[in-house]
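Student: Residue-level listing of the chains:
Protein chains: 2
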Amino acid sequence: MLCVNVELNDRRYPIYIGENTLTNPELYPLNAGQKVMIVSNPTIAQYYLETLTHTLEKIGCVVEHVLLPDGEQHKNLDSLNLIFTALLKGNHGRDTTLIALGGGVIGDVAGYAAASYQRGIPFIQIPTTLLAQVDSSVGGKTAVNHELGKNMIGAFYQPIAVIIDTQTLHTLPKREVNAGLAEVIKYGAILDLPFFNWLEEHIDKLVTLQTDALQYCIARCCQIKADIVARDETEKGDRALLNLGHTFGHAIEAHLGYGNWLHGEAVSVGMMMAAVFSEKLGHLAPQDVARIEKLLARANLPTVSPDGMQPEEYLPYMMRDKKVIAGKLRLVLLKQLGQAYVAKDADRDLVLNAIRCCTQTH
Amino acid sequence: MLCVNVELNDRRYPIYIGENTLTNPELYPLNAGQKVMIVSNPTIAQYYLETLTHTLEKIGCVVEHVLLPDGEQHKNLDSLNLIFTALLKGNHGRDTTLIALGGGVIGDVAGYAAASYQRGIPFIQIPTTLLAQVDSSVGGKTAVNHELGKNMIGAFYQPIAVIIDTQTLHTLPKREVNAGLAEVIKYGAILDLPFFNWLEEHIDKLVTLQTDALQYCIARCCQIKADIVARDETEKGDRALLNLGHTFGHAIEAHLGYGNWLHGEAVSVGMMMAAVFSEKLGHLAPQDVARIEKLLARANLPTVSPDGMQPEEYLPYMMRDKKVIAGKLRLVLLKQLGQAYVAKDADRDLVLNAIRCCTQTH
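In the order they appear, the protein sequences are chains S and B. So the first sequence is residues 1 to 362, counted in the working numbering. So the second sequence is residues 1 to 362, counted in the working numbering.
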């Protein structure tokens with residue numbers, strides 16, 4: 001087992017990463033007699049709810065649970081209210097700990113519920129998807145969607161512990177494992193060339209879910225993100241680098257309708273576009289663009305624009321990005337492999353050109 | 001005009017108190033070109049929305065507004081969502097400032113919306129009721145109700161400025177002015193004997209809304225509360241003293257159905273019960289109980305239990321109080337006039353006895 005400590009201004013919390021951490025009672029910062037509310041969804045609950053409940057009961061906790069309907073379309077105020085209702089019906093006070101057992105949606109909704117219930121109760125995250133493990137388990141971003149915008153309602157709220165069990169990836173659809181690897185590759189590309197090199201050596205072990213490789217990989221990603229977040233807890237500077245490929249990717253997701261491509265798949269293509277654009281600006285060497293493309297392909301990820309989406313269709317979506325300031329398109333690009341920066345006023349013709357280079361021609 | 005500075009761990013903000021502060025552009029921490037969303041309700045908007053909008057436009061702000069339905073029954077997630085929808089429709093980002101123009105309900109809902117929209121945007125409070133001016137403008141408590149409990153969903157979130165205009169009290173129903181005075185008298189009783197003495201001299205000026213007296217009184221209350229909150233921002237200790245009379249008062253409100261008695265009216269009777277109980281414990285002198293009773297009566301506030309509510313009916317409600325721990329009733333009582341403390345295990349027979357002493361006999 002590995003442990004990454006996230007250090008913030010006035011708090012710190014541990015992220016435990018390993019095999020069967022879920023069933024290790026010693027990792028939970030809970031005592032006998034404490035009340036716990038597990039938040040999960042039916043898909044995850046069928047595999048892990050009983051095991052987790054049993055582990056917490058071993059500690060002596062009084063355990064209840066509430067299941068939310070599965071899927072991004074339920075990441076809203078209604079699901080949030082289901083958690084509040086369960087907490088109030090069970091007569092829970094400020095000393096109850098909320099545990100999120102599931103992927104990014106469960107973590108985001110449960111985290112925001114923990115931030116809001118009686119103005120804040122303790123919160124433990126058990127992310128069960130690779131994406132949630134390497135991304136949302138660090139940073140304290142919690143949110144629900146509004147019908148007019150994703151993640152528009154939420155709070156910065158930190159967990160007291162994160163418990164990552166690599167075993168949970170064995171029940172995750174392969175396609176979602178691969179999508180998680182897009183974010184993993186992103187960490188190497190933006191900030192950590194040695195990790196990128198390591199990924200080139202170990203990507204097959206990750207795709208086939210070998211424990212040691214997964215454990216190191218997840219810990220490295222959490223450490224990179226923890227370092228960024230420690231420098232920039234409320235997202236005013238460096239944290240933007242984490243969005244490599246995301247502005248292009250969001251355009252794909254919005255164009256196809258959310259849920260048709262997975263987030264990581266869209267980010268994969270977005271990263272390619274950012275890499276090609278960086279090459280055109282004379283920063284990234286052609287062979288490094290090729291390295292990124294090859295690594296993404298080995299993780300079974302798409303590297304070209306979806307069928308039928310025209311290059312011209314990207315820009316209108318991209319101009320709605322939160323990073324656009326005064327009509328200027330800001331993009332995360334690569335100075336070199338392992339070093340990202342924010343381009344403050346990207347030339348639209350060059351952007352279009354880069355998108356064209358990553359579009360399928362039939 | 002007076003100014004109270006609220007000092008917190010890592011921030012500070014000013015509370016301006018005076019006549020026509022609402023129309024003084026210099027008091028607003030806003031610049032030309034900034035976007036502003038005013039949150040109010042139709043009752044308040046008819047008096048002050050145009051004036052406020054005009055003042056903000058003088059600064060050069062781009063001003064929009066959203067009106068919430070009036071009343072405690074609308075202090076819920078639906079009203080919160082009305083604010084989010086208005087913000088998203090108007091394409092507002094993290095640089096928009098939310099302004100709450102209204103009483104406690106508007107302040108609580110708008111404050112929570114500001115805490116939550118895109119995980120936090122700046123927030124200015126313009127409380128227009130005496131209760132909101134002396135109570136909710138300090139402390140950063142924001143919340144909405146859940147059908148199973150009041151103020152159960154919210155955040156600790158501090159404004160960047162509070163602007164209190166004593167003129168707004170002239171459009172407030174007299175009964176609400178008086179109810180606000182119950183909380184004012186409470187500050188003197190729990191922590192500040194000289195202020196209690198001052199209130200005995202000036203209560204008639206407050207009841208008749210004389211500006212100088214109001215200004216001093218509101219500033220003094222804000223200062224007392226600011227001192228407590230600075231010591232105890234997230235409500236773990238001293239802040240409990242602010243609940244003098246509230247445990248009894250909540251029983252009255254719950255028994256009568258919320259909205260039949262005003263909160264301040266119920267607190268007035270609750271303070272009398274706490275005072276009589278304190279006297280029975282040998283702490284408070286009988287003449288001090290009489291002073292409290294007389295001051296409340298001069299503010300046209302009730303000092304005896306509502307018609308038809310039996311003394312035995314209080315305890316079941318009181319035992320549901322958030323301050324009850326392990327079945328033990330904790331009550332804020334008075335050691336002497338101007339000095340409150342928390343009694344950790346109040347004897348129920350004595351409590352009942354005190355309630356009886358404040359019950360009308362026909």
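It cannot be assumed that every hint is accurate.
Quick list of simulated restraints, FRET-style, between CB atoms [what the hints assert, rightly or not]:
1) B:LEU256 / S:GLU7: 48 to 54 Å
2) S:ASN31 / B:GLU57: 37 to 43 Å
3) B:ARG356 / S:LEU148: 24 to 30 Å
4) B:GLY60 / S:LEU148: 24 to 30 Å
5) B:ARG320 / S:ASP345: 54 to 60 Å
6) B:PRO14 / S:VAL207: 40 to 46 Å
7) B:GLU57 / S:GLY237: 29 to 35 Å
8) S:ASP78 / B:ALA230: 35 to 41 Å
9) S:ARG320 / B:LYS58: 52 to 58 Å
10) S:GLU7 / B:ARG348: 46 to 52 Å
11) S:LEU350 / B:GLN46: 43 to 49 Å
12) S:ASP78 / B:LYS58: 49 to 55 Å
13) S:ARG356 / B:ASN76: 46 to 52 Å
Quick list of in silico lysine to aspartate or glutamate cross-link-like pairs, EDC-like style, CA-CA up to 20 Å [what the hints assert, rightly or not]:
14) B:LYS335 / B:GLU293
15) S:LYS344 / B:ASP95
16) S:LYS150 / B:ASP78
17) S:LYS294 / S:ASP227
18) B:LYS294 / B:ASP192
19) S:LYS174 / S:GLU72
20) B:LYS205 / B:GLU19
21) S:LYS344 / S:GLU279
22) B:LYS344 / B:GLU293
23) B:LYS58 / B:ASP95
24) S:LYS150 / B:ASP95
25) B:LYS335 / B:ASP288
26) B:LYS150 / S:ASP78
27) B:LYS328 / B:ASP345
28) B:LYS174 / B:GLU147
29) S:LYS58 / S:GLU19
30) S:LYS150 / S:GLU57
31) B:LYS328 / B:ASP347
32) S:LYS205 / S:GLU72
33) B:LYS344 / S:ASP212
34) B:LYS280 / B:ASP349
35) S:LYS35 / S:GLU57
36) B:LYS89 / S:GLU293
37) B:LYS328 / S:ASP288
38) S:LYS294 / S:GLU176
39) B:LYS89 / B:GLU72
40) S:LYS89 / B:GLU147
Calculated from the structure, these hints are not laboratory results. The C-beta atom is built at its ideal place from N, Cα and C for all residues, glycine as well.
Student: State for each hint whether it applies.
Tutor: Hint by hint, here is what the structure shows:
no., hint, result
1, B:LEU256 / S:GLU7: 48 to 54 Å, "51 Å, holds"
2, S:ASN31 / B:GLU57: 37 to 43 Å, "56 Å, violated"
3, B:ARG356 / S:LEU148: 24 to 30 Å, "56 Å, violated"
4, B:GLY60 / S:LEU148: 24 to 30 Å, "27 Å, holds"
5, B:ARG320 / S:ASP345: 54 to 60 Å, "59 Å, holds"
6, B:PRO14 / S:VAL207: 40 to 46 Å, "58 Å, violated"
7, B:GLU57 / S:GLY237: 29 to 35 Å, "33 Å, holds"
8, S:ASP78 / B:ALA230: 35 to 41 Å, "38 Å, holds"
9, S:ARG320 / B:LYS58: 52 to 58 Å, "32 Å, violated"
10, S:GLU7 / B:ARG348: 46 to 52 Å, "48 Å, holds"
11, S:LEU350 / B:GLN46: 43 to 49 Å, "54 Å, violated"
12, S:ASP78 / B:LYS58: 49 to 55 Å, "42 Å, violated"
13, S:ARG356 / B:ASN76: 46 to 52 Å, "50 Å, holds"
14, B:LYS335 / B:GLU293, "17 Å, holds"
15, S:LYS344 / B:ASP95, "18 Å, holds"
16, S:LYS150 / B:ASP78, "18 Å, holds"
17, S:LYS294 / S:ASP227, "28 Å, violated"
18, B:LYS294 / B:ASP192, "18 Å, holds"
19, S:LYS174 / S:GLU72, "19 Å, holds"
20, B:LYS205 / B:GLU19, "15 Å, holds"
21, S:LYS344 / S:GLU279, "17 Å, holds"
22, B:LYS344 / B:GLU293, "25 Å, violated"
23, B:LYS58 / B:ASP95, "19 Å, holds"
24, S:LYS150 / B:ASP95, "18 Å, holds"
25, B:LYS335 / B:ASP288, "11 Å, holds"
26, B:LYS150 / S:ASP78, "18 Å, holds"
27, B:LYS328 / B:ASP345, "5 Å, holds"
28, B:LYS174 / B:GLU147, "30 Å, violated"
29, S:LYS58 / S:GLU19, "19 Å, holds"
30, S:LYS150 / S:GLU57, "36 Å, violated"
31, B:LYS328 / B:ASP347, "9 Å, holds"
32, S:LYS205 / S:GLU72, "29 Å, violated"
33, B:LYS344 / S:ASP212, "54 Å, violated"
34, B:LYS280 / B:ASP349, "11 Å, holds"
35, S:LYS35 / S:GLU57, "10 Å, holds"
36, B:LYS89 / S:GLU293, "39 Å, violated"
37, B:LYS328 / S:ASP288, "68 Å, violated"
38, S:LYS294 / S:GLU176, "19 Å, holds"
39, B:LYS89 / B:GLU72, "26 Å, violated"
40, S:LYS89 / B:GLU147, "11 Å, holds"
Consistency note: the structure conflicts with the earlier hints numbered 2, 3, 6, 9, 11, 12, 17, 22, 28, 30, 32, 33, 36, 37 and 39.
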